[in-house]
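Engineer: Read off the chains here:
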Amino acid sequence: MKSLNEIAAKAQSLSQKVRIAVAMAEDANTIGAICRAASEGFVYPILIGSKARITELLNPFSIKADAYSIIDLPEMDLATREAVRMVKTGAADVLMKGLVGTDNFLREVLSKERGLLPPKAIMSYTCALELPKYHKLLLISDTAVLPCPDLDQKIAMVNYSVKMAHTLGIECPKVALITATEKVSASMPNTIDYALICKMAERGQIKGCVIDGPMDVFLACDPAAGEIKGVQSLVDGDADILIFPNLETANAFYKGLMLFAEGELAGLIQGTTKPVVVMSRSESENSKYYCIALSCLMAEER
Amino acid sequence: MEIRKLDQMFDILGTRTKQRLVAAWAIDTHTIMAVSEAVKMGIIEGTLVGDEAKIKAVCNEHGIDAGTIKIVHSDNDLAATALAVDLINKGEGDFLMKGLLSTDRYMRAILDKEKGLMDPGSILSHVTVAEPRNYHKLLIFGDVAIIPLPDLAQKVTITNYLIRTAHFLGIDNPKVGLLAASEQTLPKIPSCADAAIISKMAQRGQIKGATIEGPLGMDLIIDKESAQIKGMKSDVCGDADCILFPNIESGNAFYKTVVKLLKSELCAVVMGARVPCVLTSRGDSERSKLYSIALAAMLAYSS
Numbered sequence: 001m002k003s004l005n006e007i008a009a010k011a012q013s014l015s016q017k018v019r020i021a022v023a024m025a026e027d028a029n030t031i032g033a034i035c036r037a038a039s040e041g042f043v044y045p046i047l048i049g050s051k052a053r054i055t056e057l058l059n060p061f062s063i064k065a066d067a068y069s070i071i072d073l074p075e076m077d078l079a080t081r082e083a084v085r086m087v088k089t090g091a092a093d094v095l096m097k098g099l100v101g102t103d104n105f106l107r108e109v110l111s112k113e114r115g116l117l118p119p120k121a122i123m124s125y126t127c128a129l130e131l132p133k134y135h136k137l138l139l140i141s142d143t144a145v146l147p148c149p150d151l152d153q154k155i156a157m158v159n160y161s162v163k164m165a166h167t168l169g170i171e172c173p174k175v176a177l178i179t180a181t182e183k184v185s186a187s188m189p190n191t192i193d194y195a196l197i198c199k200m201a202e203r204g205q206i207k208g209c210v211i212d213g214p215m216d217v218f219l220a221c222d223p224a225a226g227e228i229k230g231v232q233s234l235v236d237g238d239a240d241i242l243i244f245p246n247l248e249t250a251n252a253f254y255k256g257l258m259l260f261a262e263g264e265l266a267g268l269i270q271g272t273t274k275p276v277v278v279m280s281r282s283e284s285e286n287s288k289y290y291c292i293a294l295s296c297l298m299a300e301e302r
Numbered sequence: 001m002e003i004r005k006l007d008q009m010f011d012i013l014g015t016r017t018k019q020r021l022v023a024a025w026a027i028d029t030h031t032i033m034a035v036s037e038a039v040k041m042g043i044i045e046g047t048l049v050g051d052e053a054k055i056k057a058v059c060n061e062h063g064i065d066a067g068t069i070k071i072v073h074s075d076n077d078l079a080a081t082a083l084a085v086d087l088i089n090k091g092e093g094d095f096l097m098k099g100l101l102s103t104d105r106y107m108r109a110i111l112d113k114e115k116g117l118m119d120p121g122s123i124l125s126h127v128t129v130a131e132p133r134n135y136h137k138l139l140i141f142g143d144v145a146i147i148p149l150p151d152l153a154q155k156v157t158i159t160n161y162l163i164r165t166a167h168f169l170g171i172d173n174p175k176v177g178l179l180a181a182s183e184q185t186l187p188k189i190p191s192c193a194d195a196a197i198i199s200k201m202a203q204r205g206q207i208k209g210a211t212i213e214g215p216l217g218m219d220l221i222i223d224k225e226s227a228q229i230k231g232m233k234s235d236v237c238g239d240a241d242c243i244l245f246p247n248i249e250s251g252n253a254f255y256k257t258v259v260k261l262l263k264s265e266l267c268a269v270v271m272g273a274r275v276p277c278v279l280t281s282r283g284d285s286e287r288s289k290l291y292s293i294a295l296a297a298m299l300a301y302s303s
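These protein sequences, in sequence, are chains A and B.
One point on numbering: in my numbering, the residue at position 247 of the first sequence is 247, and numbering is uninterrupted.
One point on numbering: in my numbering, the residue at position 288 of the second sequence is 288, and numbering is uninterrupted.
Hints were generated in silico from the structure; no laboratory data involved.
Accuracy of the hints is not assured; some may be wrong.
[To be verified] Below, a list of computed lysine to any residue pairs in the SDA-like style, where the Cα atoms sit at most 20 Å apart:
{"no.": "1", "chain 1": "B", "residue 1": "Lys188", "chain 2": "A", "residue 2": "Arg203"}
{"no.": "2", "chain 1": "A", "residue 1": "Lys229", "chain 2": "B", "residue 2": "Met201"}
{"no.": "3", "chain 1": "A", "residue 1": "Lys183", "chain 2": "A", "residue 2": "Leu151"}
{"no.": "4", "chain 1": "B", "residue 1": "Lys188", "chain 2": "A", "residue 2": "Gly204"}
{"no.": "5", "chain 1": "A", "residue 1": "Lys274", "chain 2": "A", "residue 2": "Arg81"}
{"no.": "6", "chain 1": "B", "residue 1": "Lys208", "chain 2": "A", "residue 2": "Val231"}
{"no.": "7", "chain 1": "A", "residue 1": "Lys183", "chain 2": "B", "residue 2": "Ser281"}
{"no.": "8", "chain 1": "B", "residue 1": "Lys256", "chain 2": "B", "residue 2": "Ser281"}
{"no.": "9", "chain 1": "A", "residue 1": "Lys51", "chain 2": "A", "residue 2": "Ala67"}
{"no.": "10", "chain 1": "A", "residue 1": "Lys183", "chain 2": "B", "residue 2": "Met201"}
{"no.": "11", "chain 1": "A", "residue 1": "Lys17", "chain 2": "A", "residue 2": "Asp103"}
{"no.": "12", "chain 1": "B", "residue 1": "Lys188", "chain 2": "A", "residue 2": "Leu151"}
{"no.": "13", "chain 1": "A", "residue 1": "Lys229", "chain 2": "B", "residue 2": "His73"}
{"no.": "14", "chain 1": "B", "residue 1": "Lys233", "chain 2": "A", "residue 2": "Lys2"}
{"no.": "15", "chain 1": "B", "residue 1": "Lys188", "chain 2": "B", "residue 2": "Asp151"}
{"no.": "16", "chain 1": "A", "residue 1": "Lys2", "chain 2": "A", "residue 2": "Pro223"}
{"no.": "17", "chain 1": "B", "residue 1": "Lys90", "chain 2": "B", "residue 2": "Ser102"}
{"no.": "18", "chain 1": "A", "residue 1": "Lys207", "chain 2": "B", "residue 2": "Met232"}
Generate the whole structure from the sequences, applying the supplied hints.
Structural biologist: See below:
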């Protein structure tokens with residue numbers, strides 16, 4: 001798949017509706033995006049929160065009464081807990097955050113007893129960007145969850161992103177490990193981690209992709225850069241996945257592209273037993289819809 | 001010409017301008033015999049710094065023509081070593097050799113900040129060149145004697161010394177194996193992690209003039225069949241010219257295995273000073289001492 005529309009098209013073609021439990025489905029943005037997916041027939045929303053408020057928000061949408069359900073739990077903590085419980089027990093396939101703080105929401109997802117993260121698993125975030133000036137989807141990590149990933153967390157970010165790429169039909173994604181330079185130096189600890197990750201991939205300890213780094217975004221995404229810099233790389237300016245050294249860099253990168261380069265995205269929490277959709281309110285309606293479509297593909301994958 | 005046997009160093013040195021050896025406190029039979037033999041073979045010029053009477057007595061005793069060697073008088077080991085280093089710094093010698101003084105005092109003279117042989121920031125390290133039986137070429141490795149537990153930067157320096165040594169032995173693009181506990185990249189094992197990092201630095205052109213691969217186990221470095229069995233495709237495997245050891249214990253054990261178990265010849269030199277420094281021990285064979293002098297002379301052409 002080379003565009004977010006292809007992700008949506010694939011989601012539309014799924015044989016079974018994906019059941020999405022929305023915690024505190026009480027904001028118009030969330031309702032709007034999920035109603036679009038529901039009306040296209042690939043999602044069955046389970047809207048949890050104040051029934052009165054949800055019903056009111058549903059009014060503008062012509063969604064059939066049997067195409068969704070509402071669970072009346074106006075209390076935020078209870079609504080969130082119920083949404084997570086449904087996904088954990090298999091009553092729903094995907095978890096989605098509504099009008100609840102990300103902190104509170106993730107605390108429930110991370111709960112040892114009630115949550116969706118297997119013991120010792122690393123939670124991270126990968127999103128797929130569609131950029132008018134790039135010839136295919138660009139997956140990036142971590143824009144939202146891990147502030148300052150250590151080596152193990154970086155490896156997890158690679159593995160999660162590679163898995164997402166596979167789901168999107170990218171058989172052997174090219175992974176670029178991003179920093180400011182292609183040189184390895186102890187004074188830039190991320191370059192050391194990257195050197196280790198490359199060698200792990202060479203030794204077959206990370207599979208299903210080709211990896212190179214450290215490198216800058218030019219070397220990763222511009223075929224001319226390698227020639228100019230004299231760097232030979234398996235990625236060769238044709239990256240499918242960019243792994244960033246920290247959240248600040250990844251977050252600024254994607255937001256810059258959203259703002260200045262007309263990018264759209266679809267992102268998902270990684271590491272949980274079932275897909276978890278967390279969107280920021282500032283994201284476009286389209287991006288939200290694409291997040292839902294992507295979560296459906298990832299749900300199907302499991 | 002690529003040197004594949006230690007003897008070939010003698011042939012090459014015989015055709016070149018002779019490098020000038022300066023031996024510090026060279027009053028013992030071992031040192032004097034080795035230097036005079038090298039001079040007689042026509043591979044170097046020699047200066048012995050030490051007690052002139054004692055040197056001449058040794059020469060007489062062993063029928064050495066003292067006229068072939070320059071003698072510079074000095075009363076004691078410290079003064080003689082300082083004088084020898086001074087001769088090098090004045091350009092009157094091309095490489096240094098240790099005589100009958102302790103390694104400790106010898107190294108201190110080399111490392112002396114004002115009068116020694118070090119440039120600021122340089123690192124001393126010990127490089128061995130061995131001719132192991134059953135191996136199809138020379139093996140250049142380090143550090144088996146000076147740096148106990150090299151950090152990443154020191155490992156890079158040692159790797160560069162190994163590569164430079166290979167180049168001076170006519171091996172244009174040496175294959176360097178980075179020894180580690182496993183060929184897997186195990187981040188918690190420093191030998192594996194550092195090897196992975198150095199290997200990537202080489203890919204990025206930060207270490208030049210060689211093909212570098214690691215982490216690798218010893219079997220993969222020196223035995224092609226093991227590499228084939230493990231599916232390791234690197235050119236280095238089974239055909240290494242150089243081995244970087246992760247610590248002094250592993251390097252030293254290998255060195256001594258080559259000498260004692262394989263009964264093979266080797267020689268060594270200290271690199272990192274302005275000139276190569278010969279550091280033989282009394283346990284070394286006569287042949288090995290000659291090889292060490294020849295190796296330092298080969299490397300002296302660079303400095």
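Engineer: Mind listing which of the numbered hints don't hold for this structure, in increasing order?
Structural biologist: Structure breaks hints 7, 11, 13, 14, 17.
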